[in-house]
Amino acid sequence: MLKRLTSNRSIKYSALGLLVLVLLTVPLWGTQYLVMLFLLISLYVAFAQMWNLLAGYAGLISLGQQIFIGLGGYTLAVLTEYYGLTIWQSILMGGLISGVVAAFLAFLLFRMKGVYFTIASWITAEIMVVVFSNWAYVRQGMGIFIRSAYKLSTNDIYYAALALGISSVILVQIILRSKLGLGLMAMRDNEGAAETMGVEIFKSKLYCFIISAVVTGFTGGVLYLSQAFIQPTAAFSISWTVAVIFIVIIGGIGTVVGPIVGAVIYVLLQQFLSQYVGIGMLILGVMAITVILIAPKGIMGTLQQKLRFEIFSSRRI
Amino acid sequence: MTSNNVLLKVEGIDVSYGDFQALRKVKLEVKEGTVVSVIGANGAGKSTLFQAISGLQKPSEGKISFMNNDITGCLAHEIVAQGISMVPEGGRVFPGLSVLENLIIGSYTKDARKKKTKLLRRTYDLFPILLEKANQLAGNLSGGQRQMLAIGRALMSDPKLILFDEVSLGLAPLVVKDIYKQIEAINQEGTTFVLVEQDVRRSLRASEMSYVMLAGEIVLSGKSSELSEESVRKAYFGI
Amino acid sequence: GTKSASESSGGISAEAQRADKRGYILIGIPSPSTGPLAGFGEASPWVENRALTEINKDGGILVKELNKKLPVKIKIVDTESNPTKAADVASKLVLDDKVDMLLVLHTPDTVNPVSAVAERYGIPTVSLDEPVDAWLAGGPYKWSYHAFWTVDDLSKQFMSIWGSASDQNKTVGYLFPNDSDGIVFEKIFSQKLPAEGYKIVDPGRFPNGTKDYSAIINQFKKENVQILTGVMIPPDFAAFLKQANQLGYSPKIVTVGKAYLFPTDVKAIGGTLAQGLTSEVWWSPYNSYKSSLTGESSKELCDAWTQAAGKQWTPVLGFNYAGMEIVADVLKRTASLDKEQIRQTIGQTDLNTMVGPIKYNEDHYSKTPLLGGQWTQGQGGSWNLEIINNTQHPDSPTTAKIIFPLP
Amino acid sequence: MVVQSLAQPLVNGILLGGLYALIGIGMSMVFGIMKLTNLAHGDLLILSSYLSFGITQSLGLNPLLTVILVTPVMFFVGYAFQNLLLNRMLGKGAESPMLVTFGISIILQNSLLAIFSPDARALTSNLASQSVIITNYLSIPVIYLVDFFAACFVILILNFFLKKTYPGRAIRAASDDGNVAKLMGINIKRIYSIAMGIAMMTAAIAGVLVGMTYNFYPYTGTQYLIIAFGVVVIGGMGSIGGTLVAGVILGLAQVLGAHFFGTEMQLLSGYIVLLAMLVLRPQGLFGHN
Amino acid sequence: MSEIITVENLTVAFGKHKVLDSLSMGVQQGEVLGVIGPNGAGKTTLLNTLSGRIKPQGGRIVYQGIEITRVSPAQRCRMGIGRTYQVPCPFENLTVYENILVGGVHGAGFSERKARDKCLEILSFTGIAEKRDILAGKLTLMDRKRLEVARALATNPKVLLLDEVAAGLTEVEVKAVMQIVENIKNMGVTIIWIEHILKTMLEATDQLMCLAEGKNITCGVPQEILASKLVEEVYLGVEDA
Ligand SMILES: Nc1ncnc2c1ncn2[C@@H]1O[C@H](COP(=O)(O)OP(=O)(O)OP(=O)(O)O)[C@@H](O)[C@H]1O
Ligand SMILES: Nc1ncnc2c1ncn2[C@@H]1O[C@H](COP(=O)(O)OP(=O)(O)OP(=O)(O)O)[C@@H](O)[C@H]1O
Ligand SMILES: [Mg+2]
Ligand SMILES: [Mg+2]
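Residue numbers (our numbering), protein chains in the order written: chain A, 1 to 317; chain B, 1 to 239; chain C, 1 to 407; chain D, 1 to 289; chain E, 1 to 241.
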């Protein structure tokens, strides 16, 4: 029994190792387009892991994660365009600024529970749109071209994205297996009971929110490297979070593999559908509904339920 | 008051949760106008049996009939309309509705709506505290008060048969005594009861027939007056 | 033609080989087919296909390396009116479809992100239909070339409309929202207008989607504003105009950009409220320019559209068409698919298109001419844009006299 | 003088608030009572505007009268939407239904685009341009008045329905505890479908009035979704009366914000008031936790 | 011996209704205090206030000589006040073991490794060892009640607040619970125990307090309390003939 478990484990780890190796070598054997696909997938994985950490584990369903995408992007734009910082320094700063902003927002947003939190987070993002659209320093609604990114190769951006994607998965796994993760899951199920069992609600939520903001801020920075142009309505658009909701729910909320599966599906679908001008989005909508009707807990959630098997499990035994 | 008509007949039902079989070939008969008690240890399947009768769980095997109608495949709300009402275990009230609204919802079925005022008066007589708290949210009640509300609400549908899960759960001794008196009174008016009660003595005293469950099966049944406490205890702990 | 086949294939660029293999030259066109900007994308691909028929009539475009003609194909992809999506689909066009050129039009939200992508991947790109000023922020460009008017031209055009109507107090009320157009336009208007003796009343940059304009209207009333100008999105302007009417405010002349570009916008304002609204005209069937491909006139293009789509003409038609003209001209002159060569040829463009002469300057842009127009309701309730001012381009005729003041 | 210059923004803010309340009311019902985040609310509202538009075009009816036809149609749309899609995922968490409504939202937007083209539409009637002029400083657009009174009317009816009728109470009971509700004889799937149908009837009325007050496009729905959310959150989820107060607060915040701090503050002051309300009363004005 | 918890003039009101009315009481270190009283007397509210879920309008709570009236619930738990809920509220998507582990890791502050042993011990101690990998949402009512006790124990409490943990149990099961409480007591844990099933509780309690309408109407040795006329009137009812 124990032996089978360990051999199972070693198979699992070698498979994962192989996967990472394949991912690392994509630029060597794949076309530039394939590199771009993997780039997008990696970024959406990072973003989705963070949303899933909030929604699937901490019970904080946020419609405002675009705040940190935008902040990451804008920090990159401002620091490289105005102050001549290097791209990587700027992205790092973007994550940090996102974290600081998240810490500040937490004091406002965490007063609210459940859907109130959800709506308030969205409203905060809308406030960001208005503020950035009126802020002369960031050139208001005109937006900023991130010209230093013109020179970057897709491969460079890909490695940054891949690093982010992989570390987000590892990070989430570490958090879930930590004291913090256990507290979060307890809190999601019953906040009152968790509190009287010693879980510091505010602190746990705060850490979780800040971590996810920092990583999402990095993601925003790398995303805008490949975009190279940023303006407020797009940067702080709800569509970022809608995409990530699509990814996490289709993939399976509250699972670690779900967001990965979701991100692959979403990116491929988006790319595939862009050729069907006018009805691409329509098909996306129909797909979303169909998948959820067939697998109400998302693809991985439903599979796990059927097969009783988790690739990354946060279960304690 | 006892007649010989069989009101409810459960014929060999099986119920499973996924792989786990919670009921095995359970047979039960309830005569009109009687009080029947179901006794069993924790996890024996009493609540599951009630859920099967009231339509919340589908039996995979067997048949349930009520007043000679087959109700096995019926949905919960259809079964209520036929006159079966259930007090779910643990005082499950609608926390977002006021106490009064909880009671009114109790008389949701067509027949009960007409008698609403009369039924409401009876409930308030039984539990004066509910009148006092009529306009408060049910979610703010104490544990015992919730149990009272759940009972009152079930009575509001003026059912032919009441399935009563964990009668005395969380109630003060004074109230428990009261309730058993009321059960007797309401039974006299013609309502049939099936009770789940942990206090064996009390449940034998209150009922005419008793069924003892162990691990999803009925292991002992008979006239309550003829069953000794010892035999019942033995049966349900399987010693 | 003395080189042997094997020799030449060794010297052929990868681009040419690819085109040879697939049998056509591919132009990528990111266009807002859905989303709030869908109105701009409505004429695609009808216009493009009309131009293509002519371009491919004799087998297409000669590619010297291959020593043969190849037809031109276009691939239109949907930006969903979303800048992020625009960059994504443009990247896909470059990396996956391996397009030989990009052609992009319609507002900063579509053009800017695509220009940025063009610079990143080094792909020759022709763009139109975004005020030059907003586009320039991404420069200096290497691979992108742009054609449209500048806000400076626009402010001059607006002032010449007002100048042709004598009796007003020269007090101008601003309707500039805080989107990219609003901000760029306001800055330049505020530099130009006072110099010509106009007094400005500016209620500030309001957000798009504003539902109540009473504060602005009251301010305009109080300051006795007789001229209104600005650049607004159509639904907001319609709401403004209705509310101004309800509050009993009637300026003498209204000249607002973007707000009633399309006849349907004008119609949706409702009643006769739109009567006499003036604006800039980027392009109209009444101008004297002709297609460099077929020689057909602007009017003919419009009539064909009306017949095909059952809709009135819009200025977008001309620009979509001109984009195809420029692309065809560049490809013909380059006669090669080498990216660097194409880039250089774009820079040397000197072409008379449907929207006027195109000749890029060292900053990679070319200005297109503006006229002044006024909406009037004709028989049967249809709305027509009459040309009432041609001070900047006297060679294009006017079609009516300005109605002043507003009814 | 101050009073005179304040009169107009005050009246406008309050009346605009009525329209906001009307936009939010159906949302409040499904969101607050059925705990369903309906991301398609705005689009369904605009669908009603288009339905009304279609009817005015083909039958030549006054837009206001189309309400009679549009509301029952929208009832069935809502009923079907709930019955065929959302009911299948009862008790499966809040996120899956949310994604379904999002799917509906993009399907609707793109179908409207395909059917009605991207052109601007408006429900034009002579109501739109009339006002009841009171003084030099104050004039009240008739359409605003219609909006406001329609909101009051709908709120009264809906409040009565939810609080005083069996189906109304059943809707609330079902959302509190579905299984126990079944034990009361409530067919919860049916009652949910009816609830969604009713929510869509209010959206239909809102849609017609929005169409008469503003222009609309296939994509306009999203902006009304935000308004609806704001109204629901300020008012307290599921508090029908609260939506009116919330609408008025939001309307006043925007209009007065514009009046005192300049137009650029219009949306921002609305949002800030919203956030402030949330921070001070996290469960909304009339909500309870 | 000293009082481990002292409550002075505690007042809790919801609107006008005073649920706890200037209540004073105390528990000696290591003893078991039984709490009885009619439904709605304020027993659960007292526990809620002691564990910090409800902030009192007046009065103070002193724990081991420190005033904790304003201390957060999580902090109180870590100081050694553990509790169960009358209506069980397990973390439904966690397994039974994980439910308990939350208490061990967060409440007791153990490392996960150390908490593991302790939790396994508690699992068998409370008799739900065989359910340990089942999702808590699937438990029967009785198992949920056991889980409540187990979770509270895992926080390594000095004072344990029990809210009707024996309600709905069969006689044999009640005896088992009694044994558990007895054992907990022997570990030196102070217990405040609300229960309506008196017969069983009596054996284990040192002191019995009767609440009615938010007031501590009488408190003392169990037999005396039960014999008192007052308690019979408000709580027990006259014994059947
Ligand atoms: N939702 C569920 N999923 C899986 N198993 C369940 C579920 N509900 C009950 N069970 C199992 O079914 C069996 C019978 O449960 P049931 O609730 O009917 O027992 P009971 O006799 O009412 O017990 P109690 O006295 O504890 O209320 C138990 O072993 C229980 O674990
Ligand atoms: N949040 C609240 N809002 C209003 N009233 C409340 C609230 N919580 C409790 N109450 C009231 O306070 C009183 C005491 O409640 P509590 O739960 O403390 O009773 P209890 O003594 O535990 O009763 P039981 O034995 O029935 O559990 C009850 O009348 C209850 O209705
Ligand atoms: Mg049970
Ligand atoms: Mg209690």
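The reader is advised that the hints may include incorrect statements.
Pairs of lysine-lysine, DSSO-like flavour, derived with a Cα cap of 27 Å [unchecked claim]:
1) C/K192 / C/K221
2) C/K299 / C/K199
3) E/K229 / A/K203
4) B/K116 / B/K58
5) C/K401 / C/K199
6) C/K359 / C/K156
7) C/K367 / C/K258
8) E/K138 / B/K177
9) C/K401 / C/K75
10) E/K229 / D/K92
11) E/K131 / A/K203
12) B/K58 / A/K306
13) D/K164 / B/K116
14) A/K113 / E/K118
15) B/K181 / E/K16
16) C/K401 / C/K142
17) E/K199 / B/K177
18) B/K234 / E/K229
19) A/K151 / C/K339
20) B/K63 / B/K181
21) B/K110 / B/K177
22) A/K113 / D/K163
23) C/K359 / C/K332
24) B/K58 / E/K131
Hint data in this document are derived by calculation from the structure and do not stem from the laboratory.
Going through the hints against the structure:
no.: 1; hint: C/K192 / C/K221; verdict: holds (24 Å)
no.: 2; hint: C/K299 / C/K199; verdict: violated (39 Å)
no.: 3; hint: E/K229 / A/K203; verdict: violated (51 Å)
no.: 4; hint: B/K116 / B/K58; verdict: violated (31 Å)
no.: 5; hint: C/K401 / C/K199; verdict: holds (26 Å)
no.: 6; hint: C/K359 / C/K156; verdict: holds (21 Å)
no.: 7; hint: C/K367 / C/K258; verdict: holds (18 Å)
no.: 8; hint: E/K138 / B/K177; verdict: violated (32 Å)
no.: 9; hint: C/K401 / C/K75; verdict: violated (43 Å)
no.: 10; hint: E/K229 / D/K92; verdict: violated (53 Å)
no.: 11; hint: E/K131 / A/K203; verdict: violated (31 Å)
no.: 12; hint: B/K58 / A/K306; verdict: holds (21 Å)
no.: 13; hint: D/K164 / B/K116; verdict: holds (14 Å)
no.: 14; hint: A/K113 / E/K118; verdict: violated (33 Å)
no.: 15; hint: B/K181 / E/K16; verdict: violated (34 Å)
no.: 16; hint: C/K401 / C/K142; verdict: violated (44 Å)
no.: 17; hint: E/K199 / B/K177; verdict: holds (15 Å)
no.: 18; hint: B/K234 / E/K229; verdict: violated (38 Å)
no.: 19; hint: A/K151 / C/K339; verdict: holds (17 Å)
no.: 20; hint: B/K63 / B/K181; verdict: violated (33 Å)
no.: 21; hint: B/K110 / B/K177; verdict: violated (32 Å)
no.: 22; hint: A/K113 / D/K163; verdict: holds (25 Å)
no.: 23; hint: C/K359 / C/K332; verdict: holds (16 Å)
no.: 24; hint: B/K58 / E/K131; verdict: holds (25 Å)
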